[in-house]
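Colleague: Here is how the chains run, residue by residue.
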Amino acid sequence: MAGTENSQKSFGWAATDTSGLLFPFHFSRRENGSDDVTIKILYCGVCHSDLHSVKNEWGFTNYPIVPGHEIVGLVTKTGSDVKTFKVGDRVGVGVIVGSCKTCDICQQDLENYCPKVIFTYNSKDQDGTKTYGGYSDIIVVDQRFVLRIPDNLSSGACAPLLCAGITVYSPMKYYGMTEPGKHLGVAGLGGLGHVAVKFGKAFGLKVTVISTSPKKESEAINRLGADSFLVSSDPAQLKAAMGTMDFIIDTIAAVHPLAPLLGLLKMNGKLVTVGLPDKPLELPIFPLVLGRKLVGGSDIGGMKETQEMLDFCGKHNIIADIEMIRIDYINTAFERLAKSDVRYRFVIDVANTLASN
Amino acid sequence: MAKSPEMEHPVKAFGWAARDTTGILSPFKFSRRATGEYDVQLKVLYCGICHSDLHNAKNDWGLTPYPVVPGHEISGVVTEVGNKVKKFKVGDKVGVGCVVESCRQCDQCNKDLENYCSKLVLTYAATYTDGTPTYGGYSDIMVVNEHFVLHWPENLPLGAGAPLLCAGITTYSPLRHYGLDKPGLHIGIVGLGGLGHVGVKFAKAFGSKVTVISTSINKKKEAIEKLGADAFLISRDEEEMRGAVGTFDGIIDTVSAVHSLSPLLSLLKPDGKLIVVGAPEKPLEVPIFPELITGRKMVAGSMIGGWKETQEMLDFAAKHNILPDVEIVSMDYVNTAMERLVKSDVKYRFVIDVGKTLKPQ
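Going line by line, the protein sequences match chains A and B.
Residue 70 in the UniProt record's numbering sits at position 70 of the first sequence, with consecutive numbering throughout.
Residue 302 in the UniProt record's numbering sits at position 302 of the second sequence, with consecutive numbering throughout.
Among the hints, erroneous ones may be present.
To be verified - If we take Cβ atoms under 8 Å as the criterion, some of the chain B residues that face chain A in the derived model are:
1. Leu63
2. Pro65
3. Ile141
4. Val276
5. Pro280
6. Glu285
7. Ile293
8. Gly295
9. Lys297
10. Ile328
11. Val329
12. Tyr333
13. Asn335
14. Val342
Derived by calculation from the structure, the hints in this document are not laboratory data.
As the structure is a prediction and not an experimental result, all values here were calculated from the model.
Don't be surprised by glycine CBs; every beta carbon is placed ideally from N, CA and C.
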């Protein structure tokens with residue numbers, strides 16, 4: 001019977017088919033090994049990837065699936081080789097829980113790009129069993145993939161940093177978007193986009209939000225601190241902003257045209273895509289060649305960099321803007337997420353609302 | 001009333017021009033400006049035939065102002081200099097490439113990136129700062145501001161070296177700019193034509209392992225034995241492509257036809273870079289997920305190079321004996337050469353011996 005391979009009982013909510021509806025689900029976790037940390041989960045962010053996965057939109061979901069990879073909790077057990085964490089520590093777990101640890105890529109602290117990477121849910125673990133995510137009561141994780149949460153950040157609002165945060169922080173560093181005074185465009189104002197605005201301001205950039213929804217303008221400027229707002233469906237606004245941005249972080253998950261975004265870039269400008277459209281996008285080559293522009297991708301970040309990102313957030317008091325929900329609200333939350341009806345991340349209050357029957 | 005090309009300027013000039021979208025070239029009388037105080041006048045000795053010349057002659061990009069005198073891979077000798085010219089004297093061997101003017105004061109120009117200036121003036125099919133059309137190197141003389149004239153290295157042949165001025169810089173610049181010039185990297189060159197074959201030579205000179213990626217099996221022997229490539233990958237062979245997945249640090253894509261980027265992206269290692277220098281006229285599909293994202297890969301463009309870098313490239317080519325492989329042709333062969341170019345029937349660049357074969361009618 002699925003989910004009974006291991007010996008620590010666990011309880012969560014899982015989806016069992018492409019309707020994507022979640023229901024209570026009993027399963028198990030492995031015994032806490034010598035390198036492991038067992039964590040009682042306090043909060044788990046609801047990432048758009050969770051929604052894509054429960055509905056099998058990418059075609060590789062292995063049901064039943066317990067999503068959730070923005071996890072904050074408390075250490076309850078530590079293995080004999082674990083030195084950096086102790087019982088009671090407040091920790092986080094993000095999108096990955098394992099890698100080969102020995103290849104060139106892992107040696108460069110880029111476990112997220114390891115060909116043998118193990119995802120927090122819907123992956124095959126080292127022992128051959130399936131991984132289950134953070135919409136559950138406990139999780140057992142190799143210490144290399146556990147993160148310290150800065151003391152001054154509140155647990156619930158910090159949870160989304162573990163995916164949304166690192167997903168925008170990493171490319172901002174890698175593609176050089178940290179030079180004060182440069183102009184950053186953030187396309188899409190959802191879970192990823194709103195954190196990108198905050199990081200952009202912390203790096204000293206001028207930030208313009210690029211969105212199809214004019215009603216997000218007031219919040220973007222007054223609450224998130226963006227310097228300006230561009231309605232991308234307005235040709236006049238697009239034209240006026242052509243060739244003004246040094247970089248753009250594109251967080252849009254739906255299929256969308258790249259040409260207008262490329263037009264917003266200055267010469268040598270960089271467009272980095274972190275959203276995951278389920279079909280290829282059209283890329284006009286002339287603007288790339290004539291302007292030496294680039295389109296790059298990025299995928300979360302390695303563990304060292306994720307810790308660096310969390311510490312950066314602690315230093316600059318950066319947290320996500322969240323709506324806290326009960327676990328039994330999750331199906332409604334997913335419906336609202338599909339319509340982008342959230343400012344800007346749902347976070348499940350797991351510890352207080354997930355009760356085993 | 002607009003002046004005729006012959007009357008526009010005081011100095012008589014003669015060349016071959018295309019007059020309509022058939023792209024067929026024929027003798028054409030026109031004129032060049034008087035040598036201004038910062039200008040260099042040169043007698044054209046050789047001019048390479050770039051694929052862009054063909055696109056322009058036929059108006060494939062919809063931008064050609066006829067009549068067009070193509071040619072932007074020009075080598076020659078200085079015949080006159082303006083009184084404020086410091087860098088050249090009569091008798092010097094020189095080169096002229098794809099650009100003859102820029103604004104000289106924008107951010108790009110100030111960083112020696114005149115090729116990315118929003119006001120750049122192309123060597124042909126463009127409008128000069130005096131409002132007159134520019135005519136290229138399929139002609140007897142040129143007059144060019146000294147800033148855009150290049151010193152010709154002593155040991156570089158004028159004929160075989162001419163294609164460096166476009167094909168050379170177009171592959172040299174991205175290898176440098178995107179950090180693909182470090183020894184020990186694995187570089188792929190897609191397409192083995194004018195650009196591709198020079199790209200192989202530069203990448204080898206930088207100490208890379210070089211794989212040519214091509215649809216034509218019959219190019220394999222030459223690529224390896226003559227051009228020095230280390231390996232050859234047939235892009236239509238699924239099994240070969242699968243075996244090469246994730247093994248390339250960078251790929252320079254010279255193909256100008258519409259083609260799929262997905263198989264090329266899958267060849268890249270994580271952090272790999274796919275640089276497009278060919279210019280397909282329709283957008284290409286790029287799979288954002290998983291290819292681009294799960295490997296932190298990038299697709300980027302590059303267009304020729306700035307003037308400082310073009311000089312550096314010429315000097316590098318002279319030092320490392322990097323010469324394009326050319327077929328020297330006479331001026332009146334140009335239409336046949338264009339027909340053969342359409343079928344990629346050239347190893348690997350035609351160069352017109354302008355000095356000896358361009359005769360005024």
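Colleague: Determine for every hint whether it applies to the structure shown.
Modeller: Results for each hint:
1. The closest approach between the C-beta of B/Leu63 and any C-beta of chain A is roughly 11 Å, which is over the 8 Å cut-off, so the hint fails.
2. With a least beta-carbon distance of about 19 Å to chain A, the hint placing B/Pro65 at the interface is violated under the 8 Å criterion.
3. For B/Ile141, the interface hint is violated, since its Cβ never comes within 8 Å of a Cβ in chain A; the closest pair sits about 29 Å apart.
4. Interface restraint check: B/Val276 against chain A, minimum CB-CB distance 5 Å, threshold 8 Å, status holds.
5. Here the hint on B/Pro280 is kept, as its CB sits about 5 Å from the closest CB of chain A, short of 8 Å.
6. Taking 8 Å as the C-beta cut-off, the interface hint given for B/Glu285 holds, the closest approach to chain A being about 4 Å.
7. The criterion of a C-beta within 8 Å of any C-beta in chain A is met by B/Ile293, whose closest approach is roughly 4 Å, and the hint holds.
8. Hint on B/Gly295 holds. Least Cβ distance to chain A is approximately 6 Å, under the 8 Å limit.
9. Because the closest C-beta pair between B/Lys297 and chain A is about 6 Å apart, less than 8 Å, the hint holds.
10. Taking 8 Å as the C-beta cut-off, the interface hint given for B/Ile328 is violated, the closest approach to chain A being about 29 Å.
11. Checking B/Val329 against chain A: minimum C-beta separation of about 28 Å lies over 8 Å; hint violated.
12. Hint status for B/Tyr333: violated, given a least beta-carbon distance of 30 Å to chain A, over 8 Å.
13. About 28 Å separates the beta-carbon of B/Asn335 from the nearest beta-carbon of chain A, more than 8 Å, and the hint is not met.
14. Proximity of B/Val342 to chain A is violated relative to the hint, the smallest CB-CB distance being about 20 Å (cut-off 8 Å).
Of the hints listed earlier, those the structure fails to meet are numbers 1, 2, 3, 10, 11, 12, 13, 14, in rising order.
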